Amino acid sequence: AQTVTQSQPEMSVQEAETVTLSCTYDTSESDYYLFWYKQPPSRQMILVIRQEAYKQQNATENRFSVNFQKAAKSFSLKISDSQLGDAAMYFCAYITTHNNNDMRFGAGTRLTVKP
Amino acid sequence: GAVVSQHPSWVICKSGTSVKIECRSLDFQATTMFWYRQFPKQSLMLMATSNEGSKATYEQGVEKDKFLINHASLTLSTLTVTSAHPEDSSFYICSASLRGVRVEAFFGQGTRLTVV
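As they're listed, the protein sequences go chains A and B.
Taking our numbering, the leading residue of the first sequence gets 6, the next gets one more, and so forth.
Taking our numbering, the leading residue of the second sequence gets 13, the next gets one more, and so forth.
Think of the hints as simulated: they come from the structure by calculation, not from any bench.
A hint or two may mislead.
[Claimed, not checked] Beta-carbon label-pair distances, calculated as ranges:
hint	chain 1	residue 1	chain 2	residue 2	range
1	A	89	B	24	29 to 35 Å
2	B	128	A	10	34 to 40 Å
3	B	66	A	46	43 to 49 Å
4	B	99	A	35	20 to 26 Å
5	A	62	B	76	38 to 44 Å
6	B	99	A	12	40 to 46 Å
7	A	59	B	24	19 to 25 Å
Just so we're clear, the structure is a prediction, and the values are computed from it rather than from any experiment.
A virtual CB, placed ideally from N, CA and C, is assigned to each residue, including glycine.
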């Protein structure tokens with residue numbers, strides 16, 4: 006079974022600074038996708054960034070970027086120039102292309118942004 | 013595009029009654045819809061997967077007779093919590109996917125269920 010591990014229950018960052026959220030996963034598949042979702046207090050799940058396993062280049066979306074290390078099965082999220090609106094729960098998620106049914110989530114990291 | 017609407021956003025019901033939660037894909041046809049349960053400060057737990065026109069596939073430990081899922085059309089899936097008890101109180105989230113087209117799931121706003 007695939008598992009996703011987020012080892013940081015809580016993280017804190019100063020506004021305008023950079024923070025990195027960690028995620029590791031376990032899979033025997035070679036083709037899969039990884040995601041970071043943000044869940045603000047409204048609890049609406051918002052897709053932040055996605056990474057295809059077959060792509061070596063790390064995905065980037067404005068202030069959000071990932072460090073994808075396939076061999077190490079690591080998928081960290083870097084948030085640059087942190088803003089107050091970035092405060093939320095962040096979930097790392099995995100889905101295999103074999104079976105699009107199963108999106109598996111990590112336990113989540115609560116990010117606090119200090120003004 | 014790819015908007016998923018979940019209704020109601022919150023509901024309070026009495027023990028023993030049933031509650032229906034709807035999940036609609038507004039601007040696309042969802043081949044597959046998923047139902048999750050989220051306890052406070054915890055992650056999303058997949059409860060079941062539903063494909064249009066077929067029976068839902070439930071995760072281990074989820075009572076299919078208690079959590080009835082119907083996916084009657086490509087834009088609507090419903091979750092009915094039957095004979096609700098206080099321990100069923102939780103946050104329920106649906107998502108929908110376009111298998112073969114888009115990989116990521118699109119989430120509804122969630123439903124806060126409180127059973128009193």
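Against the structure, the hints:
In this structure, residue 89(A) and residue 24(B) meet the distance hint of 29 to 35 Å, their C-beta atoms being roughly 32 Å apart. Separated by about 36 Å at the C-beta atoms, residue 128(B) and residue 10(A) satisfy the suggested range of 34 to 40 Å. Hint check: residue 66(B) to residue 46(A), Cβ distance near 36 Å, so the stated range 43 to 49 Å is violated. Judged by the Cβ atoms, the range 20 to 26 Å given for residue 99(B) and residue 35(A) is violated: they are separated by roughly 41 Å.
At roughly 43 Å, the beta-carbon separation of residue 62(A) and residue 76(B) lies within the given 38 to 44 Å, and the hint holds. Checked against the hint of 40 to 46 Å, the C-beta distance between residue 99(B) and residue 12(A) comes to roughly 29 Å, which is inconsistent with it. In this structure the supplied range 19 to 25 Å is violated for residue 59(A) paired with residue 24(B), their Cβ-Cβ distance being about 47 Å.
When held up to the earlier numbered hints, the structure conflicts with 3, 4, 6 and 7 and fits the remainder.
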